[in-house]
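Residue numbers (this note's numbering), protein chains in the order written: chain F, 1 to 933; chain W, 1 to 113.
Hints are supplied without guarantee of correctness; some may be wrong.
Just a few of them, taken from the derived set where beta-carbon distance is under 7 Å, the chain F residues facing chain W [stated by the list, open to error]:
{"no.": "1", "residue": "K440"}
{"no.": "2", "residue": "L444"}
{"no.": "3", "residue": "A562"}
{"no.": "4", "residue": "Q656"}
{"no.": "5", "residue": "L753"}
{"no.": "6", "residue": "I767"}
Rather than coming from a laboratory, the hints here were simulated on the basis of the structure. Glycine is no exception: its CB is placed at the ideal position from the N, C-alpha and C atoms.
Take a look at the letters that make up each chain.
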Amino acid sequence: MALLLPWILSIPLFSIVILLLFRNLTRNQQTFVALSAPVVGLLLLAPMIPDLLQGAVFQQQWQWLPVLGLQWTLRLDALALLFSLLIFGIGLLVIFYARYYLSAKDPMPRFYASLLLFMLAMLGIVLSGNVLQLWMFWELTSISSFLLISYWSHRSDARKGARLALTVTAAGGLALLVGLILLGQVAGSYQLDVILSKGPQIIADAQYPLILVLILLGAFTKSAQFPFHFWLPNAMAAPTPVSAYLHSATMVKAGIFLLIRLYPAIAGTDLWFSLVSLAGLLTLLTGAYFALFQHDIKGLLAYSTISHLGLITLLLGLDTDLATVAAIFHIINHAVFKASLFMAAGIIDHETGSRDMRKINGLWYFMPVTASLAMVAAASMAGVPLLNGFLSKEMFFSQTLHQSVLGAMSWLLPLLATLAAVFSVAYSARFIHDVFFNGKPIGLDKVPHEPPRYMRVPMEVLVALCIGVGLFPQWLVGDILLAASTAALQQTPPAYSLALWHGLNLPLLMSTVAFVAGIVLYINRKELFLFQAGFQSTLAIYRFEALIQRLVSRCRQLSQWAEPGRLQWYIAVMLWTTVLLAGYPLLQLHSLQGERALLPTDWFSAVLVVLMVLAALATVVWQRQRLLALVMISVVGLMLSLLFIRFSAPDLALTQLAVEVATAVLLMLALYFLPHRSPKQSAHSTLLRDLVLAGSCAIVVGSLAYLMLTHQTDSVSAYFLANAKSGGGGTNVVNVILVDFRGFDTFGEITVLGIAALGIYKLLTGIPRFKPSADADGRNWALDAHPLLLRVVSQGLLPLALLVSVYLFFRGHNLPGGGFVAGLVTAVALILQYIAHGVDWVKPRLNLQFSALIASGILIAWLTGAASWLFGKPFLTSWFDYFDIPLLGQIELASAIAFDLGVYLTVVGSTLLILANLGKLTTRHKPEHRGQI
Amino acid sequence: MELLIAIAIGLLTGCGVLLILRGRTFAVMLGLTMLSYAVNLFIFVSGGLTAGAGAVLGASAQYADPLPQALVLTAIVIGFAMTAFLVVLAIRARAELGHDEVDLQKPNSRGGA
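Isolated chain F (complex conformation) (with noise of 0.2 Å):
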């Protein structure tokens, strides 16, 4: 049977699919649909149930994470099933209850949707056999719940009220993840039955008052306990099916199911009875007296469910085991009759349009059925007699009567539980009286009358519950409490009797003190009213809005400061983070100065240096003429190619040296296309300003380099050199390295590189034509675009650096070359053509497709790499053999050469896309010359 669970937790989620992928069903269609997920879930539950009253638990479990040794559990025990019920019974009810509340322009599939990922949620809650499991459904109910409140989404109060709701259920969801996992560790594991089974041992853990605190804080937050109760009745802007499910039955008890839940294993401490009972206490105070002032139906409501969660609360915090009996049996009769007191005030709203006590007055004329439903579940609100109310009342002022919680104070206890019934007989009454009484409507748009027969279906099941609980509790309800408390206190609870009479007795007394003492508050309640109308008061809706409100004008501030759209600023301050960042640890260093011996300074080398260094300089000086900027830039690269050769890297001089020509070439093509000038606009200030942090930079990155420069370091070249020759056949370290140690980064490199070349490609498609005729002094360009003698060396160039080309390449294993400088000269002679004669002379000549070209580059290096697949190699192992071939002797052959050459295809393209079609644009937009010469 246990192999039921899953289906009776996921069966709301086949409606939801249902109702959000067929849109066209008809509202009673749509309403079937919905309706069968509870209907079906309690015909899947219904055999277990003798079963379970019988005290068994079905447990199924799936492996979650099995390395953090978290499974998915699933457990059915007789409290899970009472909740069950509650949550299929009660959602049956609301579902046909929604579909005559809802009008015709209100979208059923969502609300059904919502309310239905709701249900699940629920579920999911009393059904988790694993408490990180049950956390995340209890934060799927704060969500689902968000979006139920918020379902009139075009109203303010309901937007309002819905992100009050969220923060402070998911704020409190997060104190609870907390605790939750605390208590996992402390209880050494997530699984609950564990976890009940540990109490004495969590209880005596040093983090037991921090892991109490965590999950009161979660559940007090989510069953709207003072001081956390204000989101309650700003959720009232909800529909009212939704009140009358989530914010009576289900969602508000969630906090209460988990405190009955963890009752084994984190109640009994005199912390817990001072905390919980506390917060009850002042919860169903503060509930009861503000109740009786609400002008709104619901508000009314909603503050007696407070009320009444707070008695619930303080029931759970009394030190007898019968107490949490008397809570499960009151969570059972609040249910039932809080949900049909919203239900009757869907229909009235529905029915005289408004919710305002102090306008729908006499009702009694013109709804007279629905009428004395409300009166009855009114009653039994209020606690009176044949009332199922009335039982559970009368089980908590027995329970309060033998406390010692309050230590010697604890006399107040009855004192102000009677106190609270007071006020409770007293907003009943109101209730009543207001509503279906006293005199005639005011001000009502439309004439009042009887809902459609069927909106009153779902009542009537519930006030005869109402009644049937109260005159016959031990047949109806008497087993699955029995089972219930059984499973919660995971033990048999003391002997009580459920029944109507107990002979005259102390509870009776106070019951009948609170009775009249109710009706008498609520005849002088104009004396009452008027001393609290003396109180000024914000509404928390209110005081949270402007919370928020200055919450976010605080952040906008805080980002513009932060992010003013200025470019410079962001490199300004990335800049000084990194200098402070990487200067930091070099005030604790006694000296830059390391123990690797110096290589002595000669002429050569020094030259070179300072030259490299004086075109930078001159390079920022001059950086406002561009055409000498970019001659001084280019003596830079020079120099560094050459250094790149004095220090023992001739290949990185070669590829240095080409892509200088390439960069060269780029770059005249952006002068050709930007202003040839630019204006003098940096303030002194800002000057100052850049020098001050270039210089830091220059500083920093300077000492860094000597300090790195001076010392020793192990590196793992070592290895590379090693079995460079006998791993990867080849010598030249470097070029093994690339294209075998590390081919992976490479095959990355040379993606990037064609990924960049294909946007480059993208922007210049569709550039606005804008064409620059002369320089900025007014000189046209020169009229012979393509001199005869560059033509005739050019010509006569590209073979021979062809050669050179597939000479590197060859070469490139053993000696300095490779597929990088060779694909870079092939490219760099080629666009020498495209400069000297025109792309109208190449493209006939030569017409290669640049894309195609990287694209099969890309996919050779692929290929060579999945081909070691083929001989159960991982991704680009290398081979190599030595073959003799007549005439040539030993040739080596490797697979590392298909691999370059997929980089030199993948070179060869990319620099070729992004040149020749940046150098296209300037023929086609041919410049107009001005004037003769």
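Assemble the complex: chain F is given as a structure, and chain W must be docked to it using the hints.
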């Protein structure tokens, strides 16, 4: 020699930073190119300065550190691609907006994004 190289790296970095803080796109391109020179040199010398050697087996008695060389080699090529991307972005911006300023807004005309 090490001191000279370190000073060169520092100055190159400083020049690069000063250039990328300018308000016109061409200066930023120059700055970025300069910075990549500085960074490449920095990474290259992280293996230590070695003269008269190489990273080819059997060609010399001692070897230069091949790993920084391999890193810098790809960095040079990718650096070119990135500079090119920036150049084209600047050209496109010039074509669309008609000017070559890095920021759309003047420093004193702040407003919501």
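Evaluation of the provided hints:
no.: 1; hint: K440; verdict: violated, 55 Å
no.: 2; hint: L444; verdict: violated, 46 Å
no.: 3; hint: A562; verdict: violated, 12 Å
no.: 4; hint: Q656; verdict: holds, 6 Å
no.: 5; hint: L753; verdict: holds, 5 Å
no.: 6; hint: I767; verdict: holds, 5 Å
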